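Please model the complete structure; the sequences and the hints are all you need to start from.
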Amino acid sequence: MSDPSIWQQIFDFSDYGSLLALVHNTIIAGAVLGVVAGLISTFVMMRDLPFAVHGISELSFAGAAGFLLAGGSVVIGALTGSLVAALVIGALGSRARDRNSIIGVLMPFGLGLGVLFLSLYHGRAANKFGLLTGQIAAIDTPRLAALIGTAIVVTAGLVIVWRPLSFASIDPEVAAARGVPVRLLSTVFMLLLGLTVAMSVQIVGALLVLSVVCTPAAAAMRVTASRVLVPVLSVAFAVTAMVGGTLLELGSYSVPISPYVTTISFAIYLACRGYGTVRSRRGWTARRPAGPAAAAPA
Amino acid sequence: MTVREPAVLRLRAASLSFGRRTLWSHLDLDVSPGEFVAVLGANGSGKTSLIRAILGLQSLTGGTVEVAGRPVRRGSEEIGYVPQQRRADPLTPMRARDFVAQGLTGHRWGTGLPSAARRRSVTAALAAVGAAEYGDLPIGLLSGGEQQRVRIAQALVTDPSVLLCDEPLLSLDLPSQRTVTALVDRRRREHRSAVLFVTHEINPVLPYVDRVLYLAGGRFRIGEVDEVLTSATLSELFEAPIEVIRVGGRILVAGTPDTPEQAHHDHHHEAAR
Chain P
1 MSDPSIWQQI FDFSDYGSLL ALVHNTIIAG AVLGVVAGLI STFVMMRDLP FAVHGISELS
61 FAGAAGFLLA GGSVVIGALT GSLVAALVIG ALGSRARDRN SIIGVLMPFG LGLGVLFLSL
121 YHGRAANKFG LLTGQIAAID TPRLAALIGT AIVVTAGLVI VWRPLSFASI DPEVAAARGV
181 PVRLLSTVFM LLLGLTVAMS VQIVGALLVL SVVCTPAAAA MRVTASRVLV PVLSVAFAVT
241 AMVGGTLLEL GSYSVPISPY VTTISFAIYL ACRGYGTVRS RRGWTARRPA GPAAAAPA
Chain E
1001 MTVREPAVLR LRAASLSFGR RTLWSHLDLD VSPGEFVAVL GANGSGKTSL IRAILGLQSL
1061 TGGTVEVAGR PVRRGSEEIG YVPQQRRADP LTPMRARDFV AQGLTGHRWG TGLPSAARRR
1121 SVTAALAAVG AAEYGDLPIG LLSGGEQQRV RIAQALVTDP SVLLCDEPLL SLDLPSQRTV
1181 TALVDRRRRE HRSAVLFVTH EINPVLPYVD RVLYLAGGRF RIGEVDEVLT SATLSELFEA
1241 PIEVIRVGGR ILVAGTPDTP EQAHHDHHHE AAR
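Residue numbers (our numbering), protein chains in the order written: chain P, 1 to 298; chain E, 1001 to 1273.
Take the hints with a grain of salt, since some may be wrong.
Claimed, not checked - Cβ pair distances, simulated, as ranges:
hint, chain 1, residue 1, chain 2, residue 2, range
1, E, S1059, P, A156, 33 to 41 Å
2, E, L1113, P, G72, 41 to 49 Å
3, P, G283, E, E1201, 50 to 58 Å
4, E, P1090, P, F109, 30 to 38 Å
If you're looking for bench data, these hints aren't it; they were derived computationally from the structure. In this text, all values refer to a predicted model and were calculated from it rather than measured experimentally. Just so it is clear, CB atoms sit at the ideal spot from N, CA and C, and this is done for glycine as well.
Pasting the structure below:
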C-alpha cells in the first residue's frame, strides 16, 4: 500500500451520488441476477455441476464474441452459446465421468473461439474484456428488460420443477422408481442453467460466473441443511455479492465489477465455512431424544 | 405348507433379454402378502433388472408383471423401494425427515407447502424404523446404517403392499445389517407387505426367508431354502459342481461362478460366441 494511487484506482468514492443515478439499471440487473443465480446454485451444488457451469460460460462467451464480431446482439450470442453448450453437456454427459471429460474438451475450444472472435473485432475495447471479466457499462433499458424476462422464465421454471428436481438430484434411482421423469428434468434443468449462465456472463463475465452460480449455495450448505433455508440464504448471499459489488465498483474508474463481486462472494463463503466448522465441533449431529417439542415444520 | 393368500406380486411367463443374452425367461412367481422371498444369483444374472421390471422402469421381453392385481406402472404407491446403500453427500441440503417426505410427495410438481398430515406420516415412518431421534438432522451427516433406516422409512411411508429391496445390506456393518433385515421382517409381519429381497449373501436374511429365487445363466429355481440351496439343485442350475455346506446355522456355497477369475473367463467365452 505504499502507492496511494493504486488504492485510489480500487476505491474512490468522490462523485458517488451522481454515479449512482447513472447505474440505476445496473443495480437492478445485479439484484435480479442475484435472485436467479442464488436459486439455481442450490441445484448446481446438489447435482455436482460447478464444472459444467464453467464450461457453459466459456461457450457462452464464444457465442457472445462471435455475435459481437458479426455485428449482432451480444445478448442473443451469449444465449445461443450457453444453450448449445448446456444441451450438449446434458445430452452426452449423464454420468459424472463422461460429463467432466466432455466439458474438459468443450471448454478450451469455446474459449479459443471466443479469443479468436475478439482479436478479429475492432470495436470498442471495453466490450472485449467485458465478456471475460465483467462490465458495469451502463445496462440500457432494453437489455435490462431482456434480463428480467429471462429471470422470470428461469425462476418460474425452477419453482415448477422444484420438488421432483430435488428428488432426482439427490436420489435419482428412487426418484425414477417413484415416477419422476429424471431424464426430462435433467434436460429442463440444463436449459434453465444455460439461460442463467447467459445472463451472468453479460454482467460478471465468463471467467467469474461460478462466483454467483456456485459459491452462494456452497456457502449456504455449510450452515444449514434445511431445504427451505438453503435457497433463501443462497439468494441472499448472491444478491449481496452482486449489489454490493456493483456499489463498490462505482468507486473505481478502471477496475471491472468482477473482483468486487467475487471477493464479497468468497468472504461470505469463508464466514459460512468457519461457522459450519465451529458448529460441527459443538455437535451439529448430536442425537436428540425425539419429542413433539423438538419438531420443526416439515 | 399353509394355504397362500392371493398373490400381491405376480409374474407370469416373464422374460427379459438384452440382444441375444437372456437374463431369465418363463419366470412365474407369486408372492403372497407377508411373504419374504430372497433373490439370489451372480452379478449380471438379472436380479436388479427384475426389480426394475417390477418398478415399471424396464419393459419385459415377454410375459406380465402385476402388483396388487394391476399391471405395473411407474411410480406406483403400492411399491416401496429400498436401493443399494449409497452414502448421501455430506452437504445434501435435506434433513432425514425431508428425505422420507420425498417418498410421499417428491414426485409432485411445485415447491410444496407444509402439511400437518404429511408431517404425521413422516414422523410415524421415522418412528417405525427407530430413526425418530435423528429425524431433524441433515441426511448427509448420518452414518451408513442410519441412512439405510431412513431409506426404509422413505420406502414404507406410502404404506406399500410390496417392498422391493435391492442389495440393501451392501457396505453395511454387521449390526446395521441385522437391524435392516429385522426392520424388513417386522414390516411384513405387522403390515403384511410382500418382500422381494435381492442379496448376494443369504446368511443375513436366512432366519426370515420363506422362499428363494435363484437366478443363473438365463435359468432359475424357485422354492424353499432347503429345496433350492442344495448341492444337487445348484449343480444342476449352474451345470457345474457346486458344494453347499451348512455350518452352525449358516449356508456356505462353494464353486458358483461368481469369483472375478471365473467372471473373466465367462466374459471371454461370451465374446467368442
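Hint-by-hint comparison with the structure:
1. In this structure, E/S1059 and P/A156 meet the distance hint of 33 to 41 Å, their C-beta atoms being roughly 34 Å apart.
2. Taking the beta carbon of each, E/L1113 and P/G72 are about 44 Å apart, inside 41 to 49 Å as hinted.
3. Distance hint for P/G283 and E/E1201: a CB-CB separation of about 35 Å, inconsistent with the stated range 50 to 58 Å.
4. The hint said 30 to 38 Å for the Cβ distance between E/P1090 and P/F109, and at roughly 34 Å that hint holds.
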